[in-house]
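A.B. asks: Sequence:
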Amino acid sequence: FGMSSALDTLCGQSHGAKQYHMLGADLQTAILVLSIVSIPFSLLLAFTQQILMAAGQDAEISREAGIYCKWLIPSLFSYALLQCETRFLQAQNIVLPTMVSTGFCTLLHLFTCWTLVFRSELGFR
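Going by the working numbering, the letters in the sequence shown line up with residues 1 to 125, in that order.
Every clue listed holds true.
Below, a list of computed lysine to aspartate or glutamate pairs in the EDC-like style, where the Cα atoms sit at most 20 Å apart:
| hint | residue 1 | residue 2 |
| --- | --- | --- |
| 1 | 70 | 58 |
| 2 | 18 | 8 |
| 3 | 70 | 60 |
| 4 | 18 | 85 |
Computed Cβ-Cβ distance ranges for the label pairs, DEER-style:
| hint | residue 1 | residue 2 | range |
| --- | --- | --- | --- |
| 5 | 54 | 75 | 23 to 29 Å |
| 6 | 17 | 53 | 50 to 56 Å |
| 7 | 53 | 99 | 38 to 44 Å |
| 8 | 53 | 21 | 49 to 55 Å |
| 9 | 64 | 95 | 35 to 41 Å |
Hints are computed from structural coordinates only; laboratory data are not their basis.
Positions of the beta carbon are idealized from the N, C-alpha and C atoms, including for glycine.
Model the full assembly from the supplied sequences, consistent with the hints where possible.
C.D. replies: This is the structure in structure tokens:
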């Protein structure tokens with residue numbers, strides 16, 4: 001989230017100067033950089049259980065946190081892409097696609113979470 005905020009400045013400057021070709025270049029560069037930066041963070045998430053155990057945390061808490069963090073790895077890459085696209089659109093004063101997709105995803109998320117926790121075996125015991 002923090003690294004993608006540089007796009008606010010870069011895309012805002014490009015849009016204000018009417019250098020629209022730079023908007024795309026800034027977006028593509030940010031997506032590439034954030035995707036590369038997500039790799040070490042995904043390794044950190046993959047080994048959360050071992051890191052917590054080495055830090056002296058309770059074994060059961062470390063195990064559950066490790067499971068949770070492994071499920072977060074795919075979202076790390078998609079969230080990097082989402083933040084770049086959101087900043088790109090906001091710099092051009094285009095907010096409707098973000099608003100509509102956020103509303104849709106919120107409704108979908110409520111249903112998905114309820115289903116996964118109460119109707120499947122994925123809920124924590």
